[in-house]
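2 protein chains.
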Amino acid sequence: MSNIAASIITIGDELLIGQVIDTNSAWIAQHLNELGIDVLRRVAVGDSRDAIIKALDEELRNAELILITGGLGPTSDDITKPLLNEYFGGTMKVNEQVLEHLKILFTKRNRPFLERNMKQAEVPDNCTVLFNKMGTAPGMWFEKDNKVIIAMPGVPFEMVSIMENEALPRLKARFASDALLHRSIITAGDGESFIAEKIRDLEESLPAHIKLAYLPGAGMVKLRLTGRAADAQKLAGELDARQKEIAERLGNIVVALQDIPMERIVGNRLKEVGKTLGLAESCTGGYIGHQLTQSPGSSRYFMGSVVSYDNEVKKNVLGVKSDTLDNYGAVSEQVVTEMAQGALRVLGTDYALAVSGVLGPDGATERVKVGTVWMAVAEKDSIKTKEFYFPFDRLRNNDMAAAMGLMMIWKFINDPDPGQ
Amino acid sequence: MSNIAASIITIGDELLIGQVIDTNSAWIAQHLNELGIDVLRRVAVGDSRDAIIKALDEELRNAELILITGGLGPTSDDITKPLLNEYFGGTMKVNEQVLEHLKILFTKRNRPFLERNMKQAEVPDNCTVLFNKMGTAPGMWFEKDNKVIIAMPGVPFEMVSIMENEALPRLKARFASDALLHRSIITAGDGESFIAEKIRDLEESLPAHIKLAYLPGAGMVKLRLTGRAADAQKLAGELDARQKEIAERLGNIVVALQDIPMERIVGNRLKEVGKTLGLAESCTGGYIGHQLTQSPGSSRYFMGSVVSYDNEVKKNVLGVKSDTLDNYGAVSEQVVTEMAQGALRVLGTDYALAVSGVLGPDGATERVKVGTVWMAVAEKDSIKTKEFYFPFDRLRNNDMAAAMGLMMIWKFINDPDPGQ
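Those sequence lines, one after another, are chains U and V. Per the working numbering, the first sequence starts with residue 417, numbered consecutively. Per the working numbering, the second sequence starts with residue 417, numbered consecutively.
Don't read these hints as lab results, they were simulated from the structure.
As the list makes no split between identical chains, a pair holds if one copy fits it or if it spans any two.
Straight-line Cα separation of at most 30 Å, DSSO-like style, residue types lysine-lysine; simulated pairs:
no., residue 1, residue 2
1, Lys563, Lys588
2, Lys563, Lys470
3, Lys785, Lys687
4, Lys687, Lys737
5, Lys796, Lys691
6, Lys549, Lys785
7, Lys638, Lys535
8, Lys524, Lys638
9, Lys519, Lys638
10, Lys785, Lys800
Computed from a predicted model, the values in this text were never measured in an experiment.
Next up, chain U with everything else stripped away, as it sits in the complex (with noise of 0.2 Å):
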């Protein structure tokens, strides 16, 4: 019943001075997680020979599995493949499959190959080459004392490809354990508090080996079961069964079952009626239409958005009147719905949202203080319009108002009579 234990060391002065945000992490936790193994520790230290010695030192004695990234790359801040050689005891030799991959990628690249690049190709003679298609700096795996230790290059894709195509088969041949399920239920509109008073019976009787964890994000609560078991199958069904008893008690806050993006939602639901969604983007400036489009497939259902920053857009491209921008300015109920309207026309969809607002930190005016953001849903013979304040800073009034947008456009889907 026990779980692998891993740790995740990063390595990189620039994680430490806050200029990179670590997605590596992450990624690995997760694709980790999918095995049944556990990430107990993360620890980030800085291009530091001592710092990066110490972390070694300590994660090996708790954990099974350290996974390291960063450090790899041709530059003389990166520092760890010399000390990983010495730290294991090997000898740096030129790999030749390194070399040749190597030797290939400067000549596609059109550039010469230099005799730093060389030092690239060497690795340790004690540990199995992990190869990296991606990029110059190859993953290394070692073993000491029946644990393992994986170190990768911290250029995100890099890492992604080496994990992908290298490590994780090797990782799942070598790890046997028990099954970890997740299943999520996706609410909005209630708070984390107010949730967990709702359904505290239930969260009380799960039995030991399921846990239920709150993630609060923008305009939204995602909840998370977590089970462990040696029988995948069994725990599935306990899970699907408390799934289902939990997201009954919570009847219409109720997004998904699955722990997709909101963009992600609204698309399946398009998908499912056969329809399809226009914008007219005004403050959130292409940020819905972005999130629209990072699904593959999205143009099924996504035709188009008119981002209509300035008012002459609004105008010339949308069919905006100048009256109604000079009477009620252009973050009112009376644009958006022309905004939206407009939309459903130039754009030709089945369904149109139309957001405009002002986000900060500058732009209020004698009518509308910072914060405010005025959205229309429309199809042909409906629309509903909705005032929204969010009191935040300009990025993360822009992220809930892509949230609340497209939460609009979802219950619009369900339900376009304007009277509710």
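Could you slot chain V onto chain U? The hints should help.
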């Protein structure tokens, strides 16, 4: 000369299973850095009593300042507050200021104040409360053996609010230290090792208190000089001189001497020349408009975008000819040319960028393989077109397309001659 050593401990199972990307640590590190406080380690642990205590024990051994985020919410997966109370030997007591704030917050949100919310007003009596005006969980400032331990909720905007209003001013007052200054050089067009080779002698001649780091990104490499010294003014002069020297050596691959994203470099350039920009985005779905509008004041130069995801929108809104689409396909030099010209006309801007491509994983045709992107940038009497090929996954291809599109605009503003 010695600086304050800080550690960041982030708490939450969601961080270890990779459901959430940790953006807090980067923010905290950046802001501590500005005070001359070095983050030496970051540790992430789960919602587990033993793991949290172990992390505290370990980090207190080496750091003088510890910042903890997460685990302070009202639901039962949040265990940090009682644990810290116990760890520092305090007693939980209702804090009247916090209680008052909570009641107002709940009234505003039209929510009943529940018994479990009462717990949120309780804080250890041996800490200084760091008031949280953005949420329900207060921050806490503990002191032990002349070390400072700060605990904050994990919700990013709440953490930011507590840091800005409560923690950073107190930290600044308490820890005086060496100045730590950075200078950046943003380059585009050459790889990391090529740049390193070009400036090898300059790098080797850097004094011990100035370090150079290479940070590769989408289509660019960022160089960062970091200096540390007691005399901030003298250090600034030294860094400026080194930055100038390196930038001159690198010549026309230098895009900016400030660590700002490409969309702001373009925005600043447009402000300098007093011109406006419009977009015709197909495959990028609104992403370039989104990036441009992340900067406050972008309405001065960004007018809008026609996100013509569907070919009908390319025809009906941008005026791309049916014949052109039929003869050359949507991903072609001819179509992006007509899209850019259409955007100039429809959006009424000085410059327009058009982007059309196949980001993958599907969408390849007989004519174009996945990863192909055509771009055109135009003004009234001049146009430049270029074909790109990105070999990555959908999201990274989108990042690359946006970065290269912004770069194309920047280059075009500087040199619109189509003969170049």
